[in-house]
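**Student:** This is what each chain is made of:
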Amino acid sequence: MRNQQATQLLFELSRPGRRAARMPACDVPKADLGELLPEQHRAKRPLPLPELAEPDIVRHFTNLSTLNMSVDTHFYPLGSCTMKYNPKRNERLASLAGIAGLHPYQPDATVQGMLQLLYELERMLGEIAGLEAVSLQPAAGAHGELTALMVAAAYFRELGQQRTKVLVPDSAHGTNPASAAMAGFDVVTVKSTATGYVDQADLVDKLDEHVAVFMITNPSTLGMFERRIGPIAEAVHAKGGLIYLDGANMNAILGITRPGDFGADMMHYNPHKTFSGPHGGGGPGAGPIAVTAALAPYLPGPRIYRDEDGAFSLVDAGPRSIGRVRSFFGNVGVLVRAYCYILTHGPDGLRQIAENAVLNANYVLSQLKDVVDVPQGERCMHEFVASAARLKAEKGVSAMDVAKRLLDFGFHAPTVYFPLIVPEALMIEPTETESKETLDEFVAALRQVLDEQVDTLKEAPHTTMCSRPNEVQAARQPVVSWS
Amino acid sequence: MPYFFNTPEDRRAMLDAIGVARVDDLFDDIPAEIKLQRPLEVPPALSEVELERHMKQLSARNTAASESLCFLGGGSYDHFVPAVVDHIASRGEYYTSYTPYQAEASQGNLQVFFEYQTLISELTGLDVANSSLYDGGSAACEAVLMALASQPKRRRVVVAGSVHPEYREIIETYLINLDAELVTVSALDGGVSGDELAAAIDVETACVLVQQPNFFGALEDVDEIARQTHEAGAALIVAVDPISLGLLKRPGDYGADIVVAEGQSLGIPMQYGGPYLGIMACRETFIRKMPGRITGATVDRSGGRCFVLTLQTREQHIRRQKATSNICTNQGLMALRAAVYLAAMGPQGMRETAELCLQKSRYAADRLTENDRFELAFDRRTFKEFVVRDRQGRVTSLLDEAARQGVFAGVALGRWYPELDDCFLVAVTEKRTKADIDRWAECLANSEVGASAVHA
Ligand SMILES: Cc1ncc(COP(=O)(O)O)c(C=O)c1O
Chain F
1 MRNQQATQLL FELSRPGRRA ARMPACDVPK ADLGELLPEQ HRAKRPLPLP
51 ELAEPDIVRH FTNLSTLNMS VDTHFYPLGS CTMKYNPKRN ERLASLAGIA
101 GLHPYQPDAT VQGMLQLLYE LERMLGEIAG LEAVSLQPAA GAHGELTALM
151 VAAAYFRELG QQRTKVLVPD SAHGTNPASA AMAGFDVVTV KSTATGYVDQ
201 ADLVDKLDEH VAVFMITNPS TLGMFERRIG PIAEAVHAKG GLIYLDGANM
251 NAILGITRPG DFGADMMHYN PHKTFSGPHG GGGPGAGPIA VTAALAPYLP
301 GPRIYRDEDG AFSLVDAGPR SIGRVRSFFG NVGVLVRAYC YILTHGPDGL
351 RQIAENAVLN ANYVLSQLKD VVDVPQGERC MHEFVASAAR LKAEKGVSAM
401 DVAKRLLDFG FHAPTVYFPL IVPEALMIEP TETESKETLD EFVAALRQVL
451 DEQVDTLKEA PHTTMCSRPN EVQAARQPVV SWS
Chain C
1 MPYFFNTPED RRAMLDAIGV ARVDDLFDDI PAEIKLQRPL EVPPALSEVE
51 LERHMKQLSA RNTAASESLC FLGGGSYDHF VPAVVDHIAS RGEYYTSYTP
101 YQAEASQGNL QVFFEYQTLI SELTGLDVAN SSLYDGGSAA CEAVLMALAS
151 QPKRRRVVVA GSVHPEYREI IETYLINLDA ELVTVSALDG GVSGDELAAA
201 IDVETACVLV QQPNFFGALE DVDEIARQTH EAGAALIVAV DPISLGLLKR
251 PGDYGADIVV AEGQSLGIPM QYGGPYLGIM ACRETFIRKM PGRITGATVD
301 RSGGRCFVLT LQTREQHIRR QKATSNICTN QGLMALRAAV YLAAMGPQGM
351 RETAELCLQK SRYAADRLTE NDRFELAFDR RTFKEFVVRD RQGRVTSLLD
401 EAARQGVFAG VALGRWYPEL DDCFLVAVTE KRTKADIDRW AECLANSEVG
451 ASAVHA
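Chains F and C are the protein sequences, given in the same order. Here our numbering is used: the first residue of the first sequence is 1, the next is one more, and so on. Here our numbering is used: the first residue of the second sequence is 1, the next is one more, and so on.
These aren't lab readings, by the way, just hints derived from the structure by calculation. Any given hint might turn out to be false.
Lysine-lysine pairs mimicking BS3-like chemistry, simulated, CA-CA at most 30 Å apart [unchecked claim]:
(1) C:K153 / F:K165
(2) F:K369 / C:K35
(3) F:K191 / C:K35
(4) F:K191 / C:K322
(5) C:K35 / F:K30
(6) C:K35 / F:K239
(7) C:K434 / F:K165
(8) F:K165 / C:K56
(9) C:K249 / F:K44
(10) F:K436 / C:K431
(11) C:K322 / F:K206
(12) F:K239 / C:K322
(13) C:K431 / F:K30
(14) C:K56 / F:K88
(15) F:K44 / C:K56
Now the stretches of chain C that chain F is said to cover, found in silico as 3 or more residues with beta-carbon under 8 Å [stated by the list, open to error]:
(16) 146-157
(17) 184-190
(18) 264-278
(19) 300-309
(20) 339-345
(21) 350-356
Being a predicted model, the structure only gives us computed values, none of them experimental. Note that the Cβ used here is the ideal one computed from N, Cα and C, for glycine as well.
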């Protein structure tokens, strides 16, 4: 039976006088509080926080946790998010005291091991990208996009070129146009073809000397490799623009092809996807960026420097740097996990990640293609996008209904309604860390779901603690805190 | 490789089902001329035993401030982390899940975020909080952008020079590409100058950003700043140290419109700068301009209370270039840590922690300045940090030598404030004992010998 003990809100569980943490007595001579802190600055009453005993806190959060699906407990084919297994060794190693206990302003001489790790990680990410320089500072993929676009802006400013536009395919993730806008660019949308590739005629039409950057996701958000990436990059470069590669889908091409080798000038990684950083219920991630040598001087600082004797230091990034985008060094804990993950795999292992991710996705596609429409065809890279449009037209069943019903079978739902160019999209990314048996069970479940009564689907899920929250009400009269 | 399942037999069966002969055939779409024709040049694979050995070797080449005597601050602190925080945050159901797109499969996370938002509202005295941003610095920047978006005709941003220099640098980086003017008001005597601030705020000003306690640990006259800011019709953004709110007036109670904070103090390890927690709370009027995920309460099909991501039309996945921010992945697990921390501390724990910080930092300041090589740089009320001037002006060698003795004595200020290159910032948390502080003071007082030896 599902245990609901202590799962009311913390504020409902609170009783005056209860407490968990207790601080030690003050062991220094105490000064008068009034003298240290004038009345004007002091709070008039205690903070209105809940009062709880420690066992209650543990039971509360433990029982709540069981209401989540997670990679540790469920198959989680959430497309574009690369929900692969999160290795436990990485958790242990990232919490070594000599790693987790470092203060960001310790003298460089006392963090030589950490700086070496980060320096080596920069080199590894540069090699995997086929690009020269790396900044580990951005805190997530979107932050990496923004940082790289600021780098591009600084580059063109120095060249004295008035480039005001960023081109973004209509299939792109929402962060791409949002980042471009935050970097001060006008966003121009480039169409996709019916099969999900960049519409080259439309691209060429929109390319001019005011275009700073073309942002492309390759493999695309449809899980397809853009075959014509060479000519596309040439066309953009010919007009003096730069290619930004959204690296969210790097899992499909590790060791097989490199963005720098297919024309990218800059890119971000999502180490929380490709390099197994746990997604943490929404984060943290990290968003390291890699760029060409020409763009390196503009990267945010500080930079890690290694002298001839092998000593590491943090150095100023120089006058051409865009400056900081985040305080301190970056999301180091996530980067440490990525480093451990790359070292665990080595060159062959990295390539095998891509091979198994692509194999698993194609296998699932092969087992479903007779029952779902996959507009872009019979093959995919690490993920594919099915469309429930026909189902919707014929039976009134939406992608969301299918997604909700899958939860009843113990599977997390695929990503739905993204990319926007596929109606009723169901984006399925199995990742490499799933077995054929799991994939077979998922396929069987999905096939069964597609055969079920409309009402069963419309009212799904049937087995979860809640079903179909009223989102309209939530947005109309927002209740965003307890009172 | 340790995490794959596919045996040669599985692979064969899967390839047959797909209808291709070899795995390589699945990569046919990638033109041959851009395929990598060699193995990646990364180090060879390590077994778990070897990896652990390697990581321990790297780790041994660091000296952990957490295991030494740590008086470092400036936005990252060696506060106590109760065991319950680590215990809860290490549950796979939390740390291996993702953004709660499917509410029914994520009620645990959603309720935690709702509780986190409520706790942050209670802590700051403001109506609404989001479910996290990247860090204190980018949160401060997002607050500025939110204030600009709320009054689009006003393009001036006024920032106190006593705000964390890295936060100011981030704001500068972001604003250079946007149509907005950044004005920094100097803070020469350890706090923002009231007159200069008053002069800088005008009818073009969208917002004023101050930090309380400021980067130097000192208290600003926030009541007066709030008055000046509001008189000009601008929004007041305050960056706070959440621990200080165990004692100090909540920003919502003195008129802050937006509060941001680095949430690292709330149960998050220092880990060389991240992942941390960007806290943001604001008045309700800003809610539709807020960046990031917001969790809301609602009811489900059968009328039961449940939680969902709400007001998503602000966000990039729906609004694209018109979104209030580009943030997608946030710092959810760090918000969970903060929620567990605040639940464990409660009002009394927060009060005790804040009071210990205050008393101990006062004791430390008194103790160190017994030696006349050192003096407090500013005559200001402080909370847990303060600025010390080394009358001999040898801050770097002083701090380096202390570090060699396992005492991280403070953060040199010269890199951000050239005029303070004979000064360093000291933070004293509740974890420091009287004996720790005495040892720190003695280490600094006795360092002369060492320093001259180094220079000899
Ligand atoms: C294709 C794509 N681009 C960019 C992003 C943004 O990355 P992050 O969520 O790490 O900011 C995502 C992730 O959600 C993505 O799937």
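**Student:** So which of the earlier hints does this model not fit?
**Tutor:** Hint check: 5, 7, 8, 10, 15, 16 and 17 fail, others pass.
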